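Colleague: One-letter residues, chain by chain:
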Amino acid sequence: EAGVAQSPRYKIIEKRQSVAFWCNPISGHATLYWYQQILGQGPKLLIQFQNNGVVDDSQLPKDRFSAERLKGVDSTLKIQPAKLEDSAVYLCASTLKGELLTFGSGTRLTVV
Amino acid sequence: TQLLEQSPQFLSIQEGENLTVYCNSSSVFSSLQWYRQEPGEGPVLLVTVVTGGEVKKLKRLTFQFGDARKDSSLHITAAQPGDTGLYLCAGAPGNQFYFGTGTSLTVIP
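Read top to bottom, the protein sequences are chains A and B.
In this text, residue positions in the first sequence follow the working numbering: the first is 663, and each later residue adds one.
In this text, residue positions in the second sequence follow the working numbering: the first is 195, and each later residue adds one.
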């Protein structure tokens with residue numbers, strides 16, 4: 663079974679630029695999560711999708727972050743404009759029934 | 195506000211020593227999970243506990259869920275360098291998973 667695919671693996675941008683991350687979950691997994699993990703800390707939930715609908719985006723900074731999962735499969739997370747404090751690893755995870763979270767390898771974003 | 199607090203934050207021990215990592219919260223969880231994360235990778239699930247007082251063993255790792263389902267501990271016996279990594283607890287008060295602050299473990303050969 664293929665795992666959760668994320669791209670790119672690394673991204674360096676200047677502040678105020680925009681960036682997008684892509685996630686392809688495990689086939690058949692209805693629930694998809696985006697997490698932000700700052701170095702040395704635990705992942706922080708940004709947004710949860712169930713199929714193509716948003717379940718929880720209460721911790722998503724909506725003035726600069728947006729996410730979509732139009733067809734209920736792939737998802738993109740965008741930041742516009744980026745700030746220095748957005749430097750982190752962005753992790754995508756998916757699950758079939760809500761207990762077994764499978765994570766991708768993440769995208770490491772550096773904002774300079 | 196962090197829902198789950200882990201302690202210690204950092205731990206550096208010699209190979210062969212035992213250690214315990216704690217995960218505490220004021221909230222009740224329907225289930226709690228432990229993950230290990232290696233540099234450059236996403237967290238990998240180690241165990242899920244769902245019943246208050248439950249104890250699960252995974253080789254040299256012992257996981258315990260508190261009776262009130264608010265806290266958990268991870269005990270590693272005879273640590274090995276391969277145990278090095280970031281240990282994360284994650285609680286599900288509903289159907290969303292909130293992660294703890296993490297414990298970075300280094301096992302020195």
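The reader is advised that the hints may include incorrect statements.
To be verified - Quick list of the computed label-pair ranges, beta carbon to beta carbon: (1) Q203/B to P723/A: 22 to 32 Å; (2) K251/B to Y672/A: 14 to 24 Å; (3) G276/B to A667/A: 21 to 31 Å; (4) E761/A to K251/B: 31 to 41 Å.
Just so you know, the hints here were simulated from the structure itself, not pulled from any lab data.
As the structure is a computational prediction, the values presented were derived from the model and not from experiment.
Every residue gets a Cβ at the ideal spot worked out from N, C-alpha and C, and that includes glycine.
Colleague: Hint by hint, say whether it matches the structure.
Modeller: Status of each hint after checking the structure:
no. : hint                         : result
1   : Q203/B to P723/A: 22 to 32 Å : holds, 25 Å
2   : K251/B to Y672/A: 14 to 24 Å : violated, 38 Å
3   : G276/B to A667/A: 21 to 31 Å : holds, 26 Å
4   : E761/A to K251/B: 31 to 41 Å : violated, 19 Å
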